[in-house]
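Engineer: Go ahead and model the full structure; you've got the sequences and the hints to work with.
Position one of the sequence shown corresponds to residue 0 (numbering that gives the first Met the number 0), numbered consecutively onward.
There's no promise every hint is true.
Stated by the list, open to error - DSS-like cross-link-like pairs, simulated, lysine-lysine; straight-line CA separation at most 25 Å: (1) LYS246 - LYS323; (2) LYS375 - LYS394; (3) LYS246 - LYS102; (4) LYS394 - LYS143; (5) LYS320 - LYS257; (6) LYS199 - LYS143; (7) LYS199 - LYS218; (8) LYS102 - LYS89; (9) LYS70 - LYS89; (10) LYS350 - LYS323; (11) LYS267 - LYS296; (12) LYS350 - LYS375; (13) LYS267 - LYS246; (14) LYS323 - LYS257; (15) LYS359 - LYS298.
Hints listed in this document are in silico derivations from the structure and should not be mistaken for laboratory results.
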Amino acid sequence: MKSIIPFFLLLIGSGIIAQQKSTGNWWRAQLHRADGRNIVFNFEWTTEKGKPVWYIRNASERIRVADIQTKGDSMIVQMPLFESQFRIKKENKGAGLSGQWIKGGAVRTQVIAFTAEKGSERFPDGADASRNINGRWAARFTDKNSSDPAVAEFTQHGNLLTGTFLNPTGDYRYLEGVVSHDSLQLSCFDGGHAFLFTAKIDDNNTISGGWYYSGSVFKQEWKAEKNDTASLPEDDVAMYLRPGEDKLHFTFNDLEGKPVSINDERFKNKVVVVQLMGSWCPNCMDETAFLSDYYNKNKQRGIEIVSLAYEYSTDRERSVKTLKKFQQRFNVQYPMLITGVAINDSLRTEKTLPELTPIKFFPSSAILDKQGKVRKLDTGFNGPATGDHYLQYKKEFEETVNKLLSE
Numbered sequence: 000m001k002s003i004i005p006f007f008l009l010l011i012g013s014g015i016i017a018q019q020k021s022t023g024n025w026w027r028a029q030l031h032r033a034d035g036r037n038i039v040f041n042f043e044w045t046t047e048k049g050k051p052v053w054y055i056r057n058a059s060e061r062i063r064v065a066d067i068q069t070k071g072d073s074m075i076v077q078m079p080l081f082e083s084q085f086r087i088k089k090e091n092k093g094a095g096l097s098g099q100w101i102k103g104g105a106v107r108t109q110v111i112a113f114t115a116e117k118g119s120e121r122f123p124d125g126a127d128a129s130r131n132i133n134g135r136w137a138a139r140f141t142d143k144n145s146s147d148p149a150v151a152e153f154t155q156h157g158n159l160l161t162g163t164f165l166n167p168t169g170d171y172r173y174l175e176g177v178v179s180h181d182s183l184q185l186s187c188f189d190g191g192h193a194f195l196f197t198a199k200i201d202d203n204n205t206i207s208g209g210w211y212y213s214g215s216v217f218k219q220e221w222k223a224e225k226n227d228t229a230s231l232p233e234d235d236v237a238m239y240l241r242p243g244e245d246k247l248h249f250t251f252n253d254l255e256g257k258p259v260s261i262n263d264e265r266f267k268n269k270v271v272v273v274q275l276m277g278s279w280c281p282n283c284m285d286e287t288a289f290l291s292d293y294y295n296k297n298k299q300r301g302i303e304i305v306s307l308a309y310e311y312s313t314d315r316e317r318s319v320k321t322l323k324k325f326q327q328r329f330n331v332q333y334p335m336l337i338t339g340v341a342i343n344d345s346l347r348t349e350k351t352l353p354e355l356t357p358i359k360f361f362p363s364s365a366i367l368d369k370q371g372k373v374r375k376l377d378t379g380f381n382g383p384a385t386g387d388h389y390l391q392y393k394k395e396f397e398e399t400v401n402k403l404l405s406e
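Structural biologist: Structure representation (structure tokens):
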């Protein structure tokens, strides 16, 4: 890999990331799995108004982390979204950090050992690339229980690699790494996702022996073949209206505890987008960013949005705390409602939206016309890391809304 200055000049010149002022105070962090397949990421440590701030880097994404509490040689770094934090101690006169990454879950709290040292290189053992995998690939993830299709989108400049994987429900967000000789390494960390991908590049058209590592223990094999027209099946994840149904009927409390019904006056004669989401879901973060911006620019046209949240537990206080992070982070002006049904409840659809066939994935959404009838159901979300796929999603969303507004 190049040194820090050429590295960023190359990325800026290639359009991989937007230009930004950097202090050069970069750190290389690792989440230490028991199997030794450590998940690496980078963050910039800077000071703003006399207080420490981190900027976690995943390709073109920068996640600003400002909730950092320090006391002596100890730190608590609270991620801006999700139930995610670092508990850290400074070591060796500030040259290193060690501690734990702690993330809440539906069943248990995940704890992974964490270390960091100064350095900008994500994979410092990188070498010149003997393969180029730029473009679209048909991928497949397999384990003893499943075999799932995916589409990989890679952008390679020299040995620098960025990209993502798309599956029928969404994407793996921003991945960053290297091609070294005939191997690839990609990783990301956003507080919800902690991913590492490795594989051998047999030639410019075949990738084999891949492994996908997520969190503290999960792993899955993957492989891919170059395919410029690779696409994804949708039937296995699709959501439908049940026979005889054409409307949704729900009433849930908002974050202040006030009941909100789809039959309320604010939704009458409006085109309504019903977002099915959770504060634990990184793809829901991207969708919320899109929907909030769209709503704030278009609400005067006769459109409404309402979020229905399926959280880790039925503990309302816990749910409100994490959802308010979303609300504040993305300036959400539309109602965010707590369904009171946990994400791991097998009857979550029957208890909340019985008019639908099972809600299989998050985020999902329903678009209602001015008469309250469901006109479109979507599962998953292609976020900004997917490039053209994201632009196509936005185009189709806007076309659907505009058509319904004109009726």
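Engineer: Against this structure, judge whether each hint is valid.
Structural biologist: Hints versus structure:
As the CA atoms of LYS246 and LYS323 are separated by approximately 28 Å, the hinted pair breaks the 25 Å bound. A distance of roughly 15 Å separates the Cα atoms of LYS375 and LYS394; the hinted pair therefore holds under the 25 Å criterion. With a C-alpha separation of about 37 Å, the suggested pair LYS246 and LYS102 falls outside the 25 Å cut-off, and the hint is violated. Of the supplied pair hints, the one linking LYS394 and LYS143 is violated, its CA atoms being roughly 38 Å apart against a limit of 25 Å.
Taking the CA atoms of LYS320 and LYS257, the gap is about 16 Å. The hint holds against a cut of 25 Å. For the suggested pair LYS199 and LYS143, the alpha carbons sit about 21 Å apart, so the restraint of at most 25 Å is met. Only pairs whose Cα atoms come within 25 Å are accepted, and LYS199 paired with LYS218 is accepted, the gap being roughly 16 Å. Using a Cα cut-off of 25 Å, the hinted pair LYS102 and LYS89 holds, with the two alpha carbons roughly 21 Å apart.
For a cut-off of 25 Å, the pair hint linking LYS70 to LYS89 stands: about 11 Å separates their Cα positions. In summary, the hint linking LYS350 to LYS323 is supported, as the alpha carbons are separated by about 24 Å, within the 25 Å threshold. Our distance criterion of 25 Å between C-alpha atoms is met by LYS267 and LYS296, whose separation comes to about 20 Å. Distance hint between LYS350 and LYS375 is fulfilled; the C-alpha atoms sit about 21 Å from each other, no more than 25 Å.
Straight-line distance between C-alpha atoms of LYS267 and LYS246 comes to about 13 Å, which keeps the hinted pair within the 25 Å bound. Distance check on the hinted pair: LYS323 and LYS257 sit about 15 Å apart at the alpha-carbon level, within 25 Å; holds. With a C-alpha separation of about 29 Å, the suggested pairing of LYS359 with LYS298 is violated against the 25 Å cut-off.
Consistency with the previously given hints fails for numbers 1, 3, 4, 15, ordered from lowest to highest.
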